[in-house]
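Colleague: For the protein sequence lines, the chains are S and F, in the order given.
In this text, residue positions in the first sequence follow the numbering used here: the first is 1, and each later residue adds one.
In this text, residue positions in the second sequence follow the numbering used here: the first is 1001, and each later residue adds one.
Among the hints, a few may not be true.
Estimated spans, in silico, between C-beta atoms of each pair [claimed, not checked]:
#  : chain 1 : residue 1 : chain 2 : residue 2 : range
1  : F       : Gln1184   : S       : Trp262    : 36 to 44 angstroms
2  : F       : Gln1218   : S       : Gly170    : 20 to 28 angstroms
3  : F       : Gln1184   : S       : Arg5      : 42 to 50 angstroms
4  : S       : Gly124    : F       : Thr1032   : 28 to 36 angstroms
5  : F       : Tyr1191   : S       : Glu10     : 22 to 30 angstroms
6  : S       : Gly124    : F       : Tyr1115   : 27 to 35 angstroms
7  : F       : Tyr1115   : S       : Gln289    : 32 to 40 angstroms
8  : F       : Ala1053   : S       : Gly86     : 15 to 23 angstroms
9  : F       : Asp1116   : S       : Ser224    : 18 to 26 angstroms
10 : F       : Asp1036   : S       : Met66     : 45 to 53 angstroms
By construction, these hints were calculated from the structure, which means they are not laboratory data.
Note that this is a predicted model, so its numbers are computed, not measured.
Glycine included, each C-beta is placed from N, C-alpha and C at the ideal position.
Spelled out, the chains give:
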Amino acid sequence: MSFIRKKLDEIRRPFEKGQKWEKFAPAINAFDTFLFVPNHTTHKGAHVRDAVDLKRTMITVVLALMPALVYGIYNTGYQHFIQLGGVFTFMDAFLHGAMKVVPMIIVSYVVGLSIEFAFAVYRGHEVNEGYLVTGLLIPMIMPVDIPLWMVAISVAFAVLIAKEAFGGTGMNILNPALTARAFAFFAYPTYMSGNKVWVSEATTLDGVSGETILGSLAAGQEVSYTTMDMFQGGIPGSIAETSALWIVVGALMLIATGVASWRIMVGGVIGASIMGFLFNLWGANALMQFDWFNHLVVGGFAFGIVFMATDPVSAAQTEKGKWVYGILVGIFCIMIRVFNPAYPEGVMLAILLMNVFAPTIDHYVVEANINRRKKRWAKAQLKTA
Amino acid sequence: MTSKKSNNKPLFFFVNKEKEPLFSKKNRALLTDPLDDNNPITVQVLGICSALAITVQLKPAIVMSISVMAVMAASNVIISLLRNLIPNRIRIIVQLVVVASMVILVDQVLRAYAYDVSKELSIFIGLIITNCIVMGRLEAFALGNGVWKSFLDGIGNAAGYGVLLIAVAFFRELLGSGKLFGIQVIPDAFYEMGYVNNGLMLLSPMALITVGIIIWLQRARNRKLIEKN
């Protein structure tokens, strides 16, 4: 270990204070702390330091994303080959999917990290690790056939407007990954919705029936998948959103390590279930008649509530606020799905909307707490008087 | 000393101060300040509504800028002429009447000579009257300054507004529909290679974001505009 440390110190010598490449210190520091925990001590405030820093937290999220990503890569190939017909093995499907998905991930990381590094050097602060997660999330929530340059522009927009404009990691109001998707959704609608975009290379096949379940419901078509299909995830959709099963595995990892808030996840499921159940009772159109438990496993709801809504920066911060926030995400998600056939998927807009309201929720939770304690104090004053 | 000073005094008894040249440094600042340091849109954040509404294409944006310039210059001059006659209590009503008549004049001229553009701009020409920049300059400047200065101030602020409008419209039309002044500028070869126009640019949120980016760039360059808190 000390050998590696020595070698690294040698490499970073020209970047030290007063040396010739001092300007680029943030960039080299980022790589350095990526390999070794930095040797800093606390200068002020609380002197208790947790062994887990931001970098390790983010890596945990990346690990939790892996099951859904691997399944998503397989599903990409699977959807392609079942539309093609004929026999294929697991490896065929997986390799086809990897050919499609890996370039998207590379583009997302290269574009996003170059902007992050450029800003870190320009502003003279450290590179933050938040992008490791964002950069992986963005390709995971895109349709597989989206051109790579659109991914690049969406990433650039998200990092610049959603993150750097507000001051970088930890300061953003909106979830950057969802901002990227929302940008792509409104800028290039023909590549982000419809019945052709969810199956890889659908334009070269004829007679594709690759509509997402929510899309075909909104269009008033029959859905031939069972609840089990929807749960396992062998259905068309954005790359990694389809399999509720593997998303739940990721969710358990996040909850077990304490990285993501279980209150938001449970709140979201409760909100969506209640809303879905109420709409089942109403039952005025195909989406309203769609069983409430099916609503939980189709589309991006599971992925969104586990990996996006729990983003610690843009979500509510207080414990009670997290419940309110989660439940409202669930309610709005189902409402947008049911009431607006132009947006068959509601979770993206629901989470972005609640991101905006998260500080308001926190404000009222804190105010309520202050008022409660004031009342208690007044009562105690009365008793002693 | 005192005798020398009295010698320098103007001879005509009715001129009580030295005459300022037409384009003195102060007067030039009235024209150039609103372009950058005191831009009505990016610094004072006024007139945002019309900047969102009519910046989808370049042509209406330019016509709008010229119309606003005409209205602002004319009403600034008229209010400045009347500034000592207007009772303080009803000054807003008087300003409104003046601005409204100027807007109607501009509207009629457009209908007569540029009917297509007039139809395209439809209600937004009429809505110049609600443009906060017009009323703002009348209140803040024309009521307290001379005719020539008010005229320059009107032209300057309208130019600051127009520059921004045109810049936003340029990017929105170029990226949103691949055209400038309605003529396609992005070559067909690009589209064949898979380039697609950005639909978000045609929606008004993107105008707000474009204005935001311009504000960001302007403040990164011009550090004294950054608010301290």
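Colleague: I'd like to know which numbered hints this structure contradicts. Please list them from smallest to largest.
Modeller: 1, 3, 5, 6, 7, 8, 9
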